[in-house]
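> Given chain W, put chain P in place with the hints provided.
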Amino acid sequence: MHDLQRLAPIDFDGPAQFEIRNLQYRYPNGQQALRGVDLSVAAGDRIALLGQNGSGKSTLVKHLNGLLPVQQGALLYQGQPLVGEPLQRARLEIGLLFQDPDDQLFCSTLYDDVSFGPLNQGVSLAGMEPLVRQALAAVGLEELLYKASHHLSFGQKKRAALACLLAMKPQVLILDEPTANLDPGQENILVELLRNYTGTLICITHDLLFAYELCQRAVVLDQGQVHHDYSMAELVADPPSMREHGLDFSFRLAGLANHKLPPQQAAVAAPEAQLVDAVAAAETTAVVELADYSYRYADGTQALNGITFALRAGESVAIVGENGAGKTTLLNCLMGIYSGVGTHLFAGHLLGKQQRRLLWRKVGMVFQDPADQLFCASCAEEVAFGPRQLGLPKDEVIRRVDAALERVRLGGYQDRVPLHLSGGERKRLAIATVLSMDPELLILDEPTAGLDPQGEELLLEILRQLPQTRILVTHDPFLVAELTQRTLVLHRGKVLQSYSTAEFLADQNQQSLNLLALSYKSDCSREILELQHRHEHIHQHEHFHEHLHRHGELVHSHPHQHEHEHEHVFTHSHVADSTEHCHSPRGRFHEHPHPDHEEQEHSHEHED
Amino acid sequence: MVEGQIIQLPLVLLLAALLLLALLSLLAVKVLKSAFVGKQTAQKEPDWSVPVVDADAEGTSLFHRWDVRFKLVALLGFAFLVVATRSPEAAMIALLLSFSTVLVAQQPVYRSLKRLLAMSGFLGMFLLVMPLTVVTHPEDILLVFSGLEFLPFNLRGLQLALAIVGKACAVALLMEPLLATASLARTVEGLTRLGVPEKVAQMILLAHRYIFVFLEEARRMKTGMQVRGFKPRTSTETLQVMGNFLGMLFVRSFERTHRVYAAMQSRGYRGRFPAPFYFKVTAGDWLHAGVWLLLGIGLLVFDRLGAA
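So the protein lines, in turn, are chains W and P. Mapping to this note's numbering: the first sequence position 603 is 603, numbers consecutive. Every number in this note's numbering is 608 more than the matching position in the second sequence, counting from 1.
Looking at chain W on its own, in the form it has when it is part of the complex:
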């Protein structure tokens, strides 16, 4: 049950910066993306726009800077509809950061890209260079002023795209999944930049810890409607409501709490873990082994330098490191796509050119972007592609397709078109395409990137059940903790650390791996855990609810507010260590049994 009548958590005087009333939008293919959105945004608001994939978030923000026309309803920016000259002005005042920075960097050099917006704003050429330098300096890229955009790393591109907006000095900044695919170091820089931004911030993200750090207000969209308009603290403190919208990320908090060993404990645990590893290592053959392995690209870049590591059967290893550390190159070498210098063994056999070409029969890889490995017309064809290349008989191919789809919870999707699936479904389909080949070694590259928390939780559940030896490449310490026993830290093509995951997590907590520490996230997690503190209390409290009630002869039902005294489970905080607790001062819409209450006489005012 939702409270659709709540006011925005931040009260403001004067006109709203954005005033949206009953906004509806239908795409040309008939899909109704927005179904009567009502929203007011004040200048200086910091809003997290949340919701499952397909809930209408992107469609809504495309309206906010006039990329989509208003079909029905009203949208006012600073009191004016977004058409004609006000629309052109609004576009120069509202910055929209796209999810893929390659969409946003369309000029030959960073200088041209950053100056594009200000030139459209009418900034003179004389004042351009200092402005561009200032914007790039703010994101730490001043030294790359004249570098071509296609030569930048992903993290640099993302920051450059933000610099393009900052140079325009926008009054409103709209960000679409700003942290997607960023390594922790780059994410920290981004958070720092956004913390200091003083305008209105609207952020579409599935990363609720990031949203919690930067936003005060949470607007939850569901099927094209605003279902909640909370303060961010209220949203994260209410797991049932988050779960209802596929946003519940509490499993991450629980996971972190379980895995967060104090440094001393980790230090004690580490030698034991190493001992177990050593015994296991002696007992089983390495599935894959690299010794003094190096790889250099044709342009001379040394991507891997003296890598030595072994992976035993049944083991799960995480490979972590900043963007550009050499993780993807290493995976390509393990798959036999690149051939470096040094020893490369698979199941104890030294790999020559010919054997390396046949590695695909034994090693399966799930790419970061499922679009890179989905190209068939139906899910069944997609999953059957690998087994067919293996030369399996028709019946076996069909059996494997059905089994793989069942395993990733896509049973019955055989005839669906991969291009039309949701992000989470496409990711699971990509995993099925690999599982159908029954690989001995499974490589997962950022498996949860771009998924909403619900999709993430489901995927995690599936991955936990897979029996294969695994290599996981990720920037996410939670996934490392959940899915692996050992961690390899790469830095500039070299193995910086190779130790148990417990030790890696201890390093994370102590922030001794500066490039990989997401310090703000641990703080946010702690705060959210406190906010989600809930147990039963008896007290007089006021709340807002809907049920059948009586006014004399009249019996009807509508949301109304009044006080009760009874036991209930409620999210609350305690004042220091005392047993006293406090609720949010705002009336909360929630349901629980009220014995006899419905029969009692009610006296509240009704609107006509």
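It is possible that part of the hints are untrue.
Said to hold, decoys possible - Derived lysine to any residue pairs resembling SDA-like cross-links, with alpha carbons at most 20 Å apart:
#1 W:Lys362 - W:Asp445
#2 W:Lys62 - W:Ala298
#3 W:Lys353 - W:Arg388
#4 P:Lys888 - P:Lys638
#5 P:Lys839 - W:Ser339
#6 W:Lys169 - W:Ala137
#7 W:Lys62 - W:Asp38
#8 P:Lys722 - W:Ala298
#9 W:Lys362 - P:Lys839
#10 P:Lys839 - W:Leu358
#11 P:Lys638 - W:Asp222
#12 P:Lys839 - W:Asp38
#13 P:Lys830 - P:Arg860
#14 P:Lys839 - W:Ile337
Derived by calculation from the structure, the hints in this document are not laboratory data.
Chain P alone, transformed into the frame defined by chain W:
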């Protein structure tokens, strides 16, 4: 068939000549390759905080300082005049001029030579095929090797091939000073000021930017197919898979164009790219352009008078 002047030569001379040619080509490729690899490994990250190929750079070359519009008109005009010549002598002079231009423009020689190397296979075919296939005139000199009397080697054909190769190399060498001494954006803006439609100019700029993105997408998709065991064969299945691959690439590219256009609009794009530079014409620009056009005309006159 018209008979020319025939010179009989022993077959061993032909074999020796071919061997020498092959060795020289091999040596040239090896030297270029080692020079190129040496450059790559020694390469450090350039200082991107200063414009490396911009007309406003501190670069002292004449070509860096030259107004891009004059540069385009003069060098392209010169290239047309070079192409209009007929004799191998004129082509060789043009080649010499172009090579000097590369040096004066402070462009890396190895890059220009690499460009020529890329063309060498195609041009090599002219040198081999034209002397054997050109129509024989009475005044032609034909080399006939003993045992290969059915295959006369026409020296006029060789001259024609040399003229074509010389002109092609001269024009190819001019491309570095023409295009690499100013940023692409500036060169394209120069083209626009010379009357090239803005839409075409924008398409050049965007194509240059996104060709790398599409290539990277195609490479990743190819890897995705490779790791699932795909090997191109001459079969209908391969055709079907390649069709899917190209279709998917097209869909992704199409979706990206929509997103790029939206990104441009959201930063105030109203149909034209703003040009973030000034154009200032100096007397030097006129003079420089005049010299190049006069050089071209001089070359053509020499060619025609020499031929007469």
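> Evaluate each hint against the coordinates.
Tested hints:
This hinted pair checks out: Lys362 of chain W and Asp445 of chain W have alpha carbons roughly 17 Å apart, not beyond 20 Å. Proposed proximity of Lys62 of chain W and Ala298 of chain W is contradicted: the alpha carbons are some 42 Å apart, above 20 Å. Taken as a hint, the Lys353 of chain W and Arg388 of chain W pair is broken in the structure, with Cα atoms around 23 Å apart against an allowance of 20 Å. For a cut-off of 20 Å, the pair hint linking Lys888 of chain P to Lys638 of chain P is broken: about 44 Å separates their Cα positions.
Distance check on the hinted pair: Lys839 of chain P and Ser339 of chain W sit about 18 Å apart at the alpha-carbon level, within 20 Å; holds. A threshold of 20 Å between alpha carbons decides the hint, and for Lys169 of chain W with Ala137 of chain W the separation of about 14 Å falls inside it, so the pair holds. About 15 Å separates the Cα atoms of Lys62 of chain W and Asp38 of chain W, which keeps this hinted pair within 20 Å; it holds. With a C-alpha separation of about 15 Å, the suggested pair Lys722 of chain P and Ala298 of chain W falls inside the 20 Å cut-off, and the hint holds.
Distance hint between Lys362 of chain W and Lys839 of chain P is fulfilled; the C-alpha atoms sit about 16 Å from each other, no more than 20 Å. Restraint check for Lys839 of chain P and Leu358 of chain W: the C-alpha separation of about 11 Å stays at or below 20 Å, so the hint holds. Taking the CA atoms of Lys638 of chain P and Asp222 of chain W, the gap is near 64 Å; set against the 20 Å cutoff, the hint is violated. Proposed proximity of Lys839 of chain P and Asp38 of chain W is contradicted: the alpha carbons are some 54 Å apart, above 20 Å.
Distance hint between Lys830 of chain P and Arg860 of chain P is fulfilled; the C-alpha atoms sit about 14 Å from each other, no more than 20 Å. For the hint pairing Lys839 of chain P with Ile337 of chain W, the CA-to-CA distance comes to about 13 Å; that is within 20 Å, so the pair holds.
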